[in-house]
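Colleague: The residues making up each chain are set out below.
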Amino acid sequence: MPVSMSHYLAVSAVIFVIGVAGVLLRRNVLIILMSIELMLNAANLAFVTFSRATGAVGGHIVVLFVMTIAAAELAVGLAIVLVVFRDRETTNVDKMNVMKW
Amino acid sequence: MTALLFILGSLVAVGSAALVVSRKNPVHSVVFLIVCLLSVALLFLLLGAQFIAVLQVIVYAGAIVVLFLFVLMLLSVKKEVITLHSSVLQRVGAVVLAVLLLAEALFVVIMGMGWAVGNAWPAAESINFGTVQAVGRELFTHYLFQFEVASVLLLAAIVGAIAITRKR
Chain A
1 MPVSMSHYLA VSAVIFVIGV AGVLLRRNVL IILMSIELML NAANLAFVTF
51 SRATGAVGGH IVVLFVMTIA AAELAVGLAI VLVVFRDRET TNVDKMNVMK
101 W
Chain B
102 MTALLFILGS LVAVGSAALV VSRKNPVHSV VFLIVCLLSV ALLFLLLGAQ
152 FIAVLQVIVY AGAIVVLFLF VLMLLSVKKE VITLHSSVLQ RVGAVVLAVL
202 LLAEALFVVI MGMGWAVGNA WPAAESINFG TVQAVGRELF THYLFQFEVA
252 SVLLLAAIVG AIAITRKR
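From first to last, the protein sequence lines are chains A and B. With our numbering, letter number 60 in the first sequence gets 60, and the count goes up by one each step, no holes. With our numbering, letter number 91 in the second sequence gets 192, and the count goes up by one each step, no holes.
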């Protein structure tokens, strides 16, 4: 069976939904950040698939920018996690629900 | 051969992604995240995106995962009780919503293009599709402004991360 575009898109959809389930189910903020990375990766896979299908290289450029955003988001996100942990000694998002401390 | 590699890569990617969100120990999750990212890189290679595949290994599996591990070791999560679950209602709701989303996405994919359509990839694969040269030329001509904006964004992220974590 030859591999078609739909197969790649289906894999992308499954990985994305696993990421969504991770964000919804887990309460550890680090796991939630990892799930976000999974979702971004699934989106990247879809972008590269469409790029391959249309023959335009624009999708690769978007993936490049998504990686940039992911790195920036993760750096700031982990900085916030560090500061909250320093104060609260927890990585559980249910215990981080107060903005002031 | 391509089909075999695709099946291998997609199964490993989906399986390790499931393990990322289901392991109790965050360190194990990070390791499975590496596996997942590498198998997605394999899928990128199969799609002819060589440059993006290399970038995936260097930036994601290299830099980002190392950042995760670094913070994880810094936090010493061992001390706290790792709670996996929230309330039952929230868990059931989350599973239902995730299953609905999956059904919806697969419905769109299958109804939208079908399993058979797209077997012959529309674009004839040119010899340098997805190479550093092709992507770089596009990046520095059509997307030059966006590229510069991205660099400003990275600078802002660096300054932000330092400003947030600085002891006062």
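Everything labelled a hint here was simulated from the structure, so no lab data went into it. Heads up, some of the hints might be wrong.
[To be verified] Label pairs and their computed distance ranges (CB to CB):
{"hint": "1", "chain 1": "B", "residue 1": "T242", "chain 2": "A", "residue 2": "E73", "range": "34 to 44 Å"}
{"hint": "2", "chain 1": "A", "residue 1": "A56", "chain 2": "B", "residue 2": "L170", "range": "18 to 28 Å"}
{"hint": "3", "chain 1": "B", "residue 1": "R192", "chain 2": "A", "residue 2": "R88", "range": "19 to 29 Å"}
{"hint": "4", "chain 1": "B", "residue 1": "H243", "chain 2": "A", "residue 2": "R86", "range": "42 to 52 Å"}
{"hint": "5", "chain 1": "B", "residue 1": "T242", "chain 2": "A", "residue 2": "I80", "range": "32 to 42 Å"}
{"hint": "6", "chain 1": "A", "residue 1": "K95", "chain 2": "B", "residue 2": "I265", "range": "18 to 28 Å"}
{"hint": "7", "chain 1": "B", "residue 1": "F241", "chain 2": "A", "residue 2": "G55", "range": "16 to 26 Å"}
{"hint": "8", "chain 1": "B", "residue 1": "V189", "chain 2": "A", "residue 2": "I80", "range": "43 to 53 Å"}
{"hint": "9", "chain 1": "A", "residue 1": "R86", "chain 2": "B", "residue 2": "K125", "range": "15 to 25 Å"}
{"hint": "10", "chain 1": "B", "residue 1": "L201", "chain 2": "A", "residue 2": "T54", "range": "44 to 54 Å"}
{"hint": "11", "chain 1": "A", "residue 1": "T54", "chain 2": "B", "residue 2": "Q191", "range": "37 to 47 Å"}
{"hint": "12", "chain 1": "B", "residue 1": "L255", "chain 2": "A", "residue 2": "R88", "range": "27 to 37 Å"}
{"hint": "13", "chain 1": "A", "residue 1": "N97", "chain 2": "B", "residue 2": "R192", "range": "11 to 21 Å"}
{"hint": "14", "chain 1": "A", "residue 1": "I80", "chain 2": "B", "residue 2": "V167", "range": "35 to 45 Å"}
Heads up, the beta-carbon is just placed ideally off N, CA and C, and yes, glycines get one too.
Colleague: Each hint should be assessed against the structure and marked as holding or not.
Modeller: Here's how the hints hold up against the structure:
The beta-carbon spacing between T242(B) and E73(A), approximately 27 Å, falls outside the hinted interval of 34 to 44 Å. At about 36 Å, the CB distance of A56(A) to L170(B) disagrees with the hint of 18 to 28 Å. Between R192(B) and R88(A) the Cβ separation comes to about 24 Å, which falls inside the hinted range of 19 to 29 Å. Checked against the hint of 42 to 52 Å, the pair H243(B) and R86(A) passes, with Cβ atoms roughly 44 Å apart.
Here the CB-CB span from T242(B) to I80(A) is close to 37 Å, well matched to the stated 32 to 42 Å. Between K95(A) and I265(B), the C-beta spacing of about 19 Å keeps the proposed range 18 to 28 Å intact. In this structure the supplied range 16 to 26 Å holds for F241(B) paired with G55(A), their Cβ-Cβ distance being about 20 Å. A beta carbon spacing of about 29 Å between V189(B) and I80(A) contradicts the range 43 to 53 Å that was offered as a hint.
For the pair R86(A) and K125(B), the beta carbons lie near 24 Å from each other, so the given range of 15 to 25 Å is met. The hint said 44 to 54 Å for the Cβ distance between L201(B) and T54(A), and at roughly 30 Å that hint is violated. Our hint of 37 to 47 Å for T54(A) and Q191(B) holds, since their Cβ atoms are close to 41 Å apart. For the pair L255(B) and R88(A), the beta carbons lie near 29 Å from each other, so the given range of 27 to 37 Å is met.
At about 18 Å, the beta-carbon gap between N97(A) and R192(B) stays in the expected band of 11 to 21 Å. As the Cβ distance of I80(A) to V167(B) is approximately 19 Å, the hint placing it in 35 to 45 Å is violated.
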